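Student: For reference, the chains in residue letters:
Protein chains: 4
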Amino acid sequence: MASKRAASPAPPASPSFSEVVEAEGHLIDSQILNVVFDTVVRRGAAFEVLKFSIGRSNDEPSFISMRISSATEQGLVEVLEELVALGCRLAEPQDATLKSADRDGCVPDDFYSTTNHRTLVRHRGHWTQVERQRMDAVIVLDQGRAVCRKLRDVRTGDQVVCGVAGVRVIPEFQERDRRGFAFMTNEISSERRVEVGVERIAAMIRELKASGGRIAVVAGPVVVHTGGSTHFQELIRSGFVDVLLAGNALAVHDVEQALFGTSLGVDLDTGKSIEGGHRNHMRAINAVCRAGGLREAVEQGVLKSGVMYECIRHGVDYVLAGSIRDDGPLPDTIMDLRAAQDRYASAVEGVGLVLALSTMLHGIGVGNMLPSWVKMVCVDINPAVVTKLADRGSSQTIGVVTDVGLFLHRLAQRLRD
Amino acid sequence: MASKRAASPAPPASPSFSEVVEAEGHLIDSQILNVVFDTVVRRGAAFEVLKFSIGRSNDEPSFISMRISSATEQGLVEVLEELVALGCRLAEPQDATLKSADRDGCVPDDFYSTTNHRTLVRHRGHWTQVERQRMDAVIVLDQGRAVCRKLRDVRTGDQVVCGVAGVRVIPEFQERDRRGFAFMTNEISSERRVEVGVERIAAMIRELKASGGRIAVVAGPVVVHTGGSTHFQELIRSGFVDVLLAGNALAVHDVEQALFGTSLGVDLDTGKSIEGGHRNHMRAINAVCRAGGLREAVEQGVLKSGVMYECIRHGVDYVLAGSIRDDGPLPDTIMDLRAAQDRYASAVEGVGLVLALSTMLHGIGVGNMLPSWVKMVCVDINPAVVTKLADRGSSQTIGVVTDVGLFLHRLAQRLRD
Amino acid sequence: MASKRAASPAPPASPSFSEVVEAEGHLIDSQILNVVFDTVVRRGAAFEVLKFSIGRSNDEPSFISMRISSATEQGLVEVLEELVALGCRLAEPQDATLKSADRDGCVPDDFYSTTNHRTLVRHRGHWTQVERQRMDAVIVLDQGRAVCRKLRDVRTGDQVVCGVAGVRVIPEFQERDRRGFAFMTNEISSERRVEVGVERIAAMIRELKASGGRIAVVAGPVVVHTGGSTHFQELIRSGFVDVLLAGNALAVHDVEQALFGTSLGVDLDTGKSIEGGHRNHMRAINAVCRAGGLREAVEQGVLKSGVMYECIRHGVDYVLAGSIRDDGPLPDTIMDLRAAQDRYASAVEGVGLVLALSTMLHGIGVGNMLPSWVKMVCVDINPAVVTKLADRGSSQTIGVVTDVGLFLHRLAQRLRD
Amino acid sequence: MASKRAASPAPPASPSFSEVVEAEGHLIDSQILNVVFDTVVRRGAAFEVLKFSIGRSNDEPSFISMRISSATEQGLVEVLEELVALGCRLAEPQDATLKSADRDGCVPDDFYSTTNHRTLVRHRGHWTQVERQRMDAVIVLDQGRAVCRKLRDVRTGDQVVCGVAGVRVIPEFQERDRRGFAFMTNEISSERRVEVGVERIAAMIRELKASGGRIAVVAGPVVVHTGGSTHFQELIRSGFVDVLLAGNALAVHDVEQALFGTSLGVDLDTGKSIEGGHRNHMRAINAVCRAGGLREAVEQGVLKSGVMYECIRHGVDYVLAGSIRDDGPLPDTIMDLRAAQDRYASAVEGVGLVLALSTMLHGIGVGNMLPSWVKMVCVDINPAVVTKLADRGSSQTIGVVTDVGLFLHRLAQRLRD
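Chains as they are written, first to last, in the working numbering: chain A, 1322 to 1738; chain B, 1322 to 1738; chain C, 1322 to 1738; chain D, 1322 to 1738.
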């Protein structure tokens, strides 16, 4: 792949392995060019621009061709791996290199590790789009189809894409002003006008539902603590939630509120702290366990209100994933985390929007599973949580730093209008 | 004051200076007893309970009499200073010790430093209540009246209360459940139900206004950034704000929004960031300077909307205090901080409630000036700010961790109902 | 249990069910009296102090006897449940009420839900201390022994303690000044002097190790990100860590740093961000999977440094619990959360101190499992995390708000001296 | 300035006022191109790239020439104002437009509002560099020299630059890797390795001092609370601090610690909270007032240690600016904020580095005064403060989220080596 350069009068330490790469699209708007140059310099490699044409107006794409050079072959390989992940491709088209997995759950050392961007793989001269796109997976060629597979799901003999030849990544461009969301993606701050954000999120939700899209909500127990529950239930009843992804805690606090009016020690109608509140927490768990599960509790008339009740009554799918801090858990909570991850992943397949409400843990979990073209709205009162969710390679994230209870109140109002 | 103890068979390092102090009231509920015991032990002193009677029910007061002992006279003095500040008094009544200030702005070394609690001073056998109660002041006896005076306002010859003899402090008891606010005072958290809090604050405001009370609002520029301005203006128009205490920034951002629709680089109707926004900031200042001030700008028709406009149109007094980070400043901003503090202090005299909205600096400034019986509601999205405001000896503070824009929206809705 | 009161001339809504309860100990210091009174009033019940004797000095205990009255029998039951959890006991001694569990994982509705405080149960006239004390469990009487059992571990026929008769809770008193830690327990703030805290924690660690005690460390991946890893490894090598409780992420980041010098996209020696860093993350997982696990990776010479390496080389037990956000996971990570909770619980049995470093999730998980007499030090740069850890009924928590990397640096220095 | 475009077959709403602008330099690396395009689109204007040449390697500059068009003349003016601030210039060179200020403290409406970047003004065909560069000022031409002047310092008759003709802004390019600081400028996070940051800041300080540069430190009282004082004093004694900018609070807390060993209620050697701590605070103020000021207190032997003491003994200039929350103040504190701002501004003139330690207020104040080529290191445990300081147009800011006490400890160690 790398061509040894002809003897040059360069200084001893000069780069001597090189490759020509190309990229096109909104290279400047998307800041890709900047990041590409940064990457090359940081890696101790060098770039030489061979050709560059800039889009003359906002609608026209740009094109660049550059020679990337590095002092070592390994260095060149590493910088190319980064550039391909950013959207560059080798100028000379080649088929992807396939190697067999020699053991379950393991792949060859030079495996290609996926991003969450749309990816194409070249096989027998044809470019195929990779299915089930997600980050941190490998690509397996299976009967002519290219599919993202988690490391642990790889089986001996699987044909795994290795290296960067024959791989093209098509990053999402941050489209200027489409839906007007550009403003928020880089603005994680509690000092921006939240009402403007709510309005647009409401518009986004309506638009998506109108076009038959599906919406997943990832929610933490804070939704209940902050009094957002009533408004969230309204969203469920109004058909704006297609799937609920949460943990054991949300469901327990929700049931506790439904049965006893408290949530971990706080009377939600008066806001007064109830010292013995944990007892209600445990009683709520006991009541659901006795019924045999949440659905059974609804059917038996034990559970008559709340978020889980509304989900069950309105046929909204829910997946509760266990965690090390869980009390109980409820019979519905999936404590085998491999199974929980798989259930989460199939639940978000095909959704058009994810709302993550006050839950870093489950929000990151879901973010890891999404392709980059699914928008994710993250709401949390803590700017650090929003930053973290927006940071983990999930460039598609829209962060809103605000009180989740009041946020849901406003969102429900907006969607009611 | 301290009586040398009779020779005792105590160990060598045993305390040998002692004094009897008493306290009465809701000693247990208010946790005073706990703090008193802590103080004594921390100071290396000792206490011996001479008499204790507990209130038999919630309405009855308790009474305690204790002998406090310390190994050194200085140690005893110091522990007594703390105990008196907590509400204990010397069992043997004495007149307060008065000493002359020997220099402007200075007092004798053993001056009594005030708390913000109601304080009585004994002079010629009579107990007089101290006027203009505030913390960190000295007490001056002036023609039979006892008044809190800031150190810098002390003049040579002023009769200053020294030591703790003849001083009685009457701390505010955290009344259980009156107005139902107890729940929040110790609960600074973003996970509590904000709507419950808003409801009670609205009730508190209505009740106070109904009884002819006055309300001061201390507000930071975040009120404008977060879109809370419209709702705040509604509160002003509806007569719920009697005085506005702020800095230069609030006024400038408010004028910028009124004139250009932006606030430090963000278009408030679309939420989009405006790179050249600072220019509007400076133009807003220039426009007000040209008019000669905010009131003049309103009169000349330059300023036609916004928080400052509503204040001026509805006769709401406002005081703008300068700071080191101010641009401009506006002609209205008081850049002499001594004058600004004095103006703030007279503006809050007699108010029954202070609302501090997203401003740590001015919130602390006002908190320092208030007697402990004036309630202060602090709203900020950052729990650290709320904690800090609630911490500085201002036990009267009610903290609400939430988005100030949405908070004002809900508060205005509640007060409209 | 509750005696109907004789007809009284009280107003119509007056309480009519009552019970006498007693408590003794450092009632004032521990603020128990205050909380007891609060609880009674909040519950709409009433108290009448029958007898009270106060400790005359700091070393003497106090004693109280009160009649608690409520308008309804259910109201009385509920307030008594809270009072018993706080350390009160019924004045008239009775055996605990035992009822059979009628179904696996379920208990009778009026089950006694445990606190994390030392608890005694009266059975056939004798008081027995409950074993495996932890919060949010039930108490099962099994061949004369009383044991805490998690709801999910209850089996049909188990004899479960119900109601509050025959139950005594002995809360930990916050001992004034023993080890001098009192100062920090209520002081969660980034503005306190951290170096003083580090010094005392070092003293506590040394003292505990000198007396043969065991120390558990709960650590999040931030320990690696912030460069605390080297110092943490020193603590392990020096024998200050007996068990490590963590998640998959800590181990993966640690291995990534050991193999590639990066941690999720940041070169840890230069601090420079590596765009392709996730690839190293996945490669690290692949390398450990290929070896068959962490121990195997060490034995095969694949893994030659890092936190996990030091644990394995120095025989430090480690438990890695899975979560919904995990990549991989490593073969060592326990993805069945029931098993993970059980392994965590047995790992912390008998430890004398827990250090929770930058991990809310696992910190809360461990906190739930500890009896209240095991001290827990929580270090995090985010005050909200420290507050949350200190809040969940874990009154034994010492919070330190600081940079965990620099904290470990200073702690290792102190322990080296 | 704007040329009406020839009749074109464009749709009715098409732009019809246009201007050609040029820019050169590291246009891609600096993301200027991206921001320029964004600005144009956001403003509803359009751009047409006329010429673009890209630097072939990292060292070569790029060049662009574009036609900017807008539907209205006012729209064109506004977009040009933004583009010039970003580093574009009108292609056709013109002299700057000068207008007379018609009133003290006021300028013509179309005044040019400065950025903090190096700026040139064209006067009589010559380009002159603007002196005393700072943001949010106006440019006055005075005897052939161009000078930044604050609005309030403008006097009637001053010749003020208006519009954007004849103005060139030369933004600081974020130089890739020089001093290796690039990594931190965009990385405000508590999860990055602070020790790496400390090492580089130490190198930067040494380098600057070696080349005769001056260093200003802006410090909040938290420096004292967190125990950073000793280490800060070491920096002063070692000559690493040339000027100290602070508020009244730092000095009072410092004196309180020096005289009484406490800082607002906390004994700094034991970390124990002192309830009566405010008294020491007031006594510290009284002691300095009695002496006549800090310098006098040092000379009279009243003040014998601390930050202020070391400044005075080592001839380090200090400026204390007042604020609304100040107690006292000390005689040294400048309560006239106009004077304080002027003193701050002259103190930072010519400094090569500013260290802002845990003070948002004074940090922003100083940030406003600095030209963009003076680096500013901001240290705070609260990420929001660091973000805010880095945000206000001060692109030169290096943010470190960490414990300021431990940070100073490490920095002093590093500078001692």
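Rather than coming from a laboratory, the hints here were simulated on the basis of the structure.
Treat the numbers as computed from the prediction; the structure is a model and nothing was measured.
A few of these clues could be false.
No copy labels: a pair is met if it fits in one copy or bridges any two.
List time: in silico SDA-like cross-link candidates among lysine to any residue, alpha-carbon distance up to 20 angstroms [as the list claims (entries may be wrong)]:
| hint | residue 1 | residue 2 |
| --- | --- | --- |
| 1 | K1372 | K1530 |
| 2 | K1372 | F1384 |
| 3 | K1471 | A1524 |
| 4 | K1372 | A1412 |
| 5 | K1471 | P1652 |
| 6 | K1471 | G1614 |
| 7 | K1372 | S1386 |
| 8 | K1420 | A1733 |
Student: If a hint holds in the structure, say so; if it doesn't, say that too.
Tutor: Taking the hints in turn, this is what the structure says about them:
1. K1372 with K1530: neither (44 angstroms within a copy, 44 angstroms between copies)
2. K1372 with F1384: Both: 8 angstroms inside a chain and 15 angstroms across chains, each within 20 angstroms.
3. K1471 with A1524: Answer is neither; intra-copy 35 angstroms and inter-copy 44 angstroms both fail.
4. K1372 with A1412: Close inside one copy (12 angstroms), not across copies (25 angstroms); limit 20 angstroms.
5. K1471 with P1652: between (27 angstroms within a copy, 14 angstroms between copies)
6. K1471 with G1614: between (31 angstroms within a copy, 18 angstroms between copies)
7. K1372 with S1386: both (5 angstroms within a copy, 18 angstroms between copies)
8. K1420 with A1733: neither (52 angstroms within a copy, 46 angstroms between copies)
Violation of the numbered hints given earlier is confined to hints 1, 3 and 8; the remaining hints are satisfied by the structure.
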